[in-house]
Amino acid sequence: CADTSDAWRCHDARSARTRGRREALFALRLSLPQTWKQMEGELDRIRDELYRKSAELDELTAMLINAKLREAELNDKVLTLNLEAVNGHGPRAVSTNANASAREIANGIKRLSSIEMQKAATQCCGVNKRIV
Numbered sequence: 508c509a510d511t512s513d514a515w516r517c518h519d520a521r522s523a524r525t526r527g528r529r530e531a532l533f534a535l536r537l538s539l540p541q542t543w544k545q546m547e548g549e550l551d552r553i554r555d556e557l558y559r560k561s562a563e564l565d566e567l568t569a570m571l572i573n574a575k576l577r578e579a580e581l582n583d584k585v586l587t588l589n590l591e592a593v594n595g596h597g598p599r600a601v602s603t604n605a606n607a608s609a610r611e612i613a614n615g616i617k618r619l620s621s622i623e624m625q626k627a628a629t630q631c632c633g634v635n636k637r638i639v
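Each residue of the sequence shown is one higher than the one before, counting from 508 in the working numbering.
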């Protein structure tokens, strides 16, 4: 706008741009609190989901630890029963021959009175064969 005759037109154009920017800023200021609240809501939802998943993970970890402890107890019982049978102190004989098949060992364990031992027989007969 070098020409003074165009000065008003240039001023009006600048005013319109400034007014447009001002209106855009005002609209942005109005929408920010709502956007901020939406983001806070989303953040709270994600945090709640994280706490829920963390609690589920803690529960699953506890279940896994309990299962491992139970497995160790059963293995100890089987080992004790096998050692008693090897030493001839057990109430029933379990096959103790080093050349015995896994099936014979499993059948010997199945003859034991404990139902838990029957369940563990298939899992531990390979271990038992190595022990005896």
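Read the hints as simulated data drawn from the structure, not as lab findings. Errors might be hidden in some of the hints.
Pairwise CB distance ranges (calculated) [claimed, not checked]:
id: 1; residue 1: Met570; residue 2: Leu535; range: 44 to 54 Å
id: 2; residue 1: Ala531; residue 2: Leu571; range: 33 to 43 Å
id: 3; residue 1: Leu532; residue 2: Leu567; range: 48 to 58 Å
id: 4; residue 1: Lys575; residue 2: Leu550; range: 50 to 60 Å
id: 5; residue 1: Pro540; residue 2: Lys560; range: 28 to 38 Å
id: 6; residue 1: Arg554; residue 2: Ala574; range: 48 to 58 Å
id: 7; residue 1: Ala569; residue 2: Leu537; range: 27 to 37 Å
id: 8; residue 1: Ile572; residue 2: Leu532; range: 39 to 49 Å
id: 9; residue 1: Asp555; residue 2: Ala531; range: 28 to 38 Å
id: 10; residue 1: Asn582; residue 2: Lys560; range: 52 to 62 Å
id: 11; residue 1: Arg554; residue 2: Phe533; range: 53 to 63 Å
Glycine residues also receive a C-beta, built at the ideal position from the N, C-alpha and C atoms.
Against the structure, the hints come out as follows:
1. Met570 / Leu535: 44 to 54 Å: At roughly 51 Å between Cβ atoms, Leu535 and Met570 fall inside 44 to 54 Å, so the hint holds.
2. Ala531 / Leu571: 33 to 43 Å: violated, 56 Å
3. Leu532 / Leu567: 48 to 58 Å: Between Leu532 and Leu567, where Cβ atoms are some 51 Å apart, the hint holds.
4. Lys575 / Leu550: 50 to 60 Å: violated, 37 Å
5. Pro540 / Lys560: 28 to 38 Å: With Cβ atoms ~30 Å apart, the hint holds.
6. Arg554 / Ala574: 48 to 58 Å: violated, 31 Å
7. Ala569 / Leu537: 27 to 37 Å: violated, 50 Å
8. Ile572 / Leu532: 39 to 49 Å: Roughly 58 Å apart at Cβ, these two residues miss the hinted range, so it is violated.
9. Asp555 / Ala531: 28 to 38 Å: holds, 35 Å
10. Asn582 / Lys560: 52 to 62 Å: violated, 32 Å
11. Arg554 / Phe533: 53 to 63 Å: violated, 32 Å
Hint violations for this structure: numbers 2, 4, 6, 7, 8, 10 and 11, all remaining hints satisfied.
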